[in-house]
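Please model the complete structure; the sequences and the hints are all you need to start from.
Residue numbering for the sequence shown follows the working numbering, starting at 2 and increasing by one per position.
These are calculated hints, taken from the structure and not from any lab test.
One or more of the hints may lead you astray.
Stated by the list, open to error - In silico lysine to aspartate or glutamate, EDC-like type, Cα no more than 16 Å apart, as pairs:
(1) 83 to 31
(2) 137 to 151
(3) 39 to 89
(4) 39 to 90
(5) 87 to 151
(6) 39 to 110
(7) 87 to 110
Said to hold, decoys possible - Between beta-carbon pairs, the in silico distance windows are:
(8) 77 to 5: 42 to 52 Å
(9) 63 to 117: 16 to 26 Å
(10) 144 to 12: 45 to 55 Å
The C-beta atom is built at its ideal place from N, Cα and C for all residues, glycine as well.
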Amino acid sequence: MGKQKYHSSSWDNLCYPVEEGGLGFRRLVDVSNSLTMKRWWRFRTCKTLWSNFFQAKYCSNSHPVYYNVKPNHSLAWNNLIKIIEKMEELLLWRINSGNSSLWWDNWSELGVIAQIIHLQETPCNQAVSDVIVNNKWNISNLHLPELLFEQILSIPIGNHNSVDLPVWMPNSCGSFTTSSAWNCIR
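Structure representation (C-alpha coordinates):
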(Lines of atoms letter the chains of each structure in order from A; the text may use other names.)
(Lines give C-alpha, C1' and ligand atoms only; values in the text may rest on other atoms or scores of the structure.)
Protein backbone atom coordinates (compact mmCIF):
# COMPACT_ATOMS: atom_id res chain seq x y z
CA MET A 2 0.00 0.00 0.00
CA GLY A 3 1.14 3.46 -0.78
CA LYS A 4 3.90 2.16 -3.00
CA GLN A 5 4.80 4.70 -5.67
CA LYS A 6 4.99 3.56 -9.26
CA TYR A 7 7.50 5.05 -11.62
CA HIS A 8 6.91 5.47 -15.32
CA SER A 9 9.85 5.56 -17.61
CA SER A 10 10.24 7.03 -21.04
CA SER A 11 13.18 7.23 -23.40
CA TRP A 12 15.19 10.41 -23.63
CA ASP A 13 14.24 10.67 -27.32
CA ASN A 14 10.54 10.76 -26.38
CA LEU A 15 11.18 13.46 -23.78
CA CYS A 16 13.00 15.58 -26.34
CA TYR A 17 9.91 16.14 -28.49
CA PRO A 18 8.22 19.54 -28.24
CA VAL A 19 5.33 19.68 -25.79
CA GLU A 20 2.87 20.00 -28.69
CA GLU A 21 4.11 16.64 -29.97
CA GLY A 22 3.82 14.81 -26.63
CA GLY A 23 7.31 15.41 -25.23
CA LEU A 24 8.58 17.59 -22.42
CA GLY A 25 10.28 20.10 -24.69
CA PHE A 26 13.86 19.18 -23.84
CA ARG A 27 16.41 19.60 -26.57
CA ARG A 28 19.16 17.11 -27.24
CA LEU A 29 22.55 18.78 -26.93
CA VAL A 30 23.72 17.30 -30.23
CA ASP A 31 20.78 18.95 -32.00
CA VAL A 32 21.48 22.29 -30.32
CA SER A 33 25.16 21.99 -31.26
CA ASN A 34 24.29 21.15 -34.87
CA SER A 35 21.86 24.08 -35.13
CA LEU A 36 24.60 26.42 -33.87
CA THR A 37 27.00 24.90 -36.42
CA MET A 38 24.38 25.62 -39.06
CA LYS A 39 24.34 29.23 -37.87
CA ARG A 40 28.12 29.41 -38.32
CA TRP A 41 27.76 28.03 -41.87
CA TRP A 42 25.03 30.60 -42.63
CA ARG A 43 27.30 33.40 -41.43
CA PHE A 44 30.27 31.96 -43.33
CA ARG A 45 28.30 31.93 -46.57
CA THR A 46 26.30 35.15 -46.20
CA CYS A 47 28.34 37.62 -44.12
CA LYS A 48 31.66 39.15 -45.00
CA THR A 49 33.48 39.18 -41.67
CA LEU A 50 37.09 38.73 -40.62
CA TRP A 51 36.25 35.19 -39.51
CA SER A 52 34.50 34.21 -42.78
CA ASN A 53 37.25 35.81 -44.87
CA PHE A 54 39.87 33.85 -42.91
CA PHE A 55 38.03 30.52 -43.41
CA GLN A 56 37.45 31.30 -47.08
CA ALA A 57 41.16 32.00 -47.61
CA LYS A 58 42.35 29.04 -45.55
CA TYR A 59 40.02 26.29 -46.79
CA CYS A 60 38.38 27.49 -50.00
CA SER A 61 40.92 29.68 -51.74
CA ASN A 62 40.96 27.55 -54.91
CA SER A 63 37.39 26.25 -54.91
CA HIS A 64 33.82 27.00 -53.94
CA PRO A 65 32.95 26.16 -50.30
CA VAL A 66 30.35 23.60 -51.41
CA TYR A 67 32.97 21.78 -53.48
CA TYR A 68 35.22 20.94 -50.57
CA ASN A 69 38.15 18.59 -50.15
CA VAL A 70 38.50 16.99 -46.74
CA LYS A 71 42.07 16.92 -45.49
CA PRO A 72 43.37 15.53 -42.20
CA ASN A 73 45.02 18.81 -41.21
CA HIS A 74 41.75 20.79 -41.21
CA SER A 75 40.69 22.35 -37.94
CA LEU A 76 37.93 20.95 -35.77
CA ALA A 77 35.84 24.05 -36.50
CA TRP A 78 36.07 23.47 -40.27
CA ASN A 79 35.41 19.72 -39.93
CA ASN A 80 32.22 20.49 -37.97
CA LEU A 81 31.10 22.85 -40.73
CA ILE A 82 31.78 20.22 -43.39
CA LYS A 83 29.40 17.80 -41.63
CA ILE A 84 26.41 20.08 -42.23
CA ILE A 85 27.22 21.49 -45.68
CA GLU A 86 24.81 19.24 -47.56
CA LYS A 87 21.89 19.96 -45.25
CA MET A 88 22.59 23.69 -45.19
CA GLU A 89 23.01 24.12 -48.91
CA GLU A 90 19.71 22.42 -49.68
CA LEU A 91 17.99 24.92 -47.35
CA LEU A 92 19.89 27.99 -48.59
CA LEU A 93 18.58 29.66 -51.73
CA TRP A 94 20.14 32.59 -53.57
CA ARG A 95 17.76 35.16 -55.11
CA ILE A 96 19.33 36.47 -58.29
CA ASN A 97 20.04 40.19 -58.62
CA SER A 98 23.46 40.96 -60.11
CA GLY A 99 24.24 37.27 -60.58
CA ASN A 100 27.31 37.12 -58.33
CA SER A 101 26.33 33.61 -57.15
CA SER A 102 28.21 30.62 -58.50
CA LEU A 103 26.51 29.20 -61.59
CA TRP A 104 27.43 25.62 -60.70
CA TRP A 105 27.83 25.49 -56.89
CA ASP A 106 25.17 27.77 -55.37
CA ASN A 107 21.51 26.80 -55.08
CA TRP A 108 19.87 29.58 -57.06
CA SER A 109 17.71 27.40 -59.33
CA GLU A 110 15.44 26.28 -56.45
CA LEU A 111 16.21 22.68 -57.48
CA GLY A 112 19.61 22.45 -55.79
CA VAL A 113 23.24 22.79 -56.79
CA ILE A 114 23.39 22.41 -60.57
CA ALA A 115 26.79 20.67 -60.51
CA GLN A 116 25.28 17.95 -58.31
CA ILE A 117 22.05 17.72 -60.33
CA ILE A 118 23.87 17.02 -63.58
CA HIS A 119 26.64 15.00 -61.85
CA LEU A 120 29.65 16.97 -63.05
CA GLN A 121 32.77 14.83 -62.84
CA GLU A 122 35.24 17.70 -62.81
CA THR A 123 35.14 21.13 -61.25
CA PRO A 124 33.81 23.65 -63.77
CA CYS A 125 35.50 26.98 -64.12
CA ASN A 126 34.47 29.70 -61.72
CA GLN A 127 31.41 30.85 -63.62
CA ALA A 128 28.95 33.24 -62.06
CA VAL A 129 25.23 33.36 -62.77
CA SER A 130 25.84 36.77 -64.35
CA ASP A 131 27.67 34.94 -67.17
CA VAL A 132 24.31 33.62 -68.42
CA ILE A 133 22.38 36.89 -68.03
CA VAL A 134 22.36 39.32 -70.97
CA ASN A 135 20.36 42.55 -70.83
CA ASN A 136 18.61 41.33 -67.66
CA LYS A 137 17.36 38.19 -69.46
CA TRP A 138 18.46 34.55 -69.29
CA ASN A 139 20.85 33.39 -72.03
CA ILE A 140 21.33 29.70 -71.25
CA SER A 141 21.13 28.27 -74.75
CA ASN A 142 24.83 27.31 -74.71
CA LEU A 143 24.50 25.34 -71.46
CA HIS A 144 23.83 21.63 -71.81
CA LEU A 145 21.18 21.09 -69.16
CA PRO A 146 18.25 18.70 -68.71
CA GLU A 147 14.93 20.07 -69.98
CA LEU A 148 13.43 20.37 -66.49
CA LEU A 149 16.36 22.48 -65.29
CA PHE A 150 16.29 24.57 -68.46
CA GLU A 151 12.61 25.43 -67.94
CA GLN A 152 13.11 26.11 -64.24
CA ILE A 153 15.91 28.60 -64.88
CA LEU A 154 13.87 30.48 -67.47
CA SER A 155 11.08 30.90 -64.87
CA ILE A 156 13.40 32.48 -62.25
CA PRO A 157 12.98 36.25 -61.99
CA ILE A 158 16.09 38.41 -62.23
CA GLY A 159 16.15 41.23 -59.71
CA ASN A 160 18.02 44.52 -59.54
CA HIS A 161 21.36 44.11 -61.32
CA ASN A 162 22.90 46.79 -59.05
CA SER A 163 22.38 44.65 -55.93
CA VAL A 164 24.19 41.49 -54.86
CA ASP A 165 22.33 38.18 -54.82
CA LEU A 166 20.37 37.68 -51.61
CA PRO A 167 20.53 34.59 -49.40
CA VAL A 168 17.17 33.14 -48.41
CA TRP A 169 16.72 30.63 -45.58
CA MET A 170 13.91 28.49 -47.02
CA PRO A 171 12.58 26.94 -43.74
CA ASN A 172 11.64 30.39 -42.44
CA SER A 173 8.78 32.23 -44.16
CA CYS A 174 10.59 35.58 -43.95
CA GLY A 175 13.81 34.09 -45.37
CA SER A 176 15.97 34.92 -42.33
CA PHE A 177 18.07 32.29 -40.60
CA THR A 178 17.11 31.41 -37.03
CA THR A 179 18.63 28.71 -34.87
CA SER A 180 15.16 27.54 -33.86
CA SER A 181 14.23 26.93 -37.51
CA ALA A 182 17.56 25.13 -37.99
CA TRP A 183 16.82 23.00 -34.91
CA ASN A 184 13.42 22.09 -36.38
CA CYS A 185 15.13 20.98 -39.60
CA ILE A 186 17.57 18.60 -37.89
CA ARG A 187 15.71 17.19 -34.89
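Legend entry - Index of numbered hints that the structure contradicts, given in increasing order: Structure breaks hints 5, 6.
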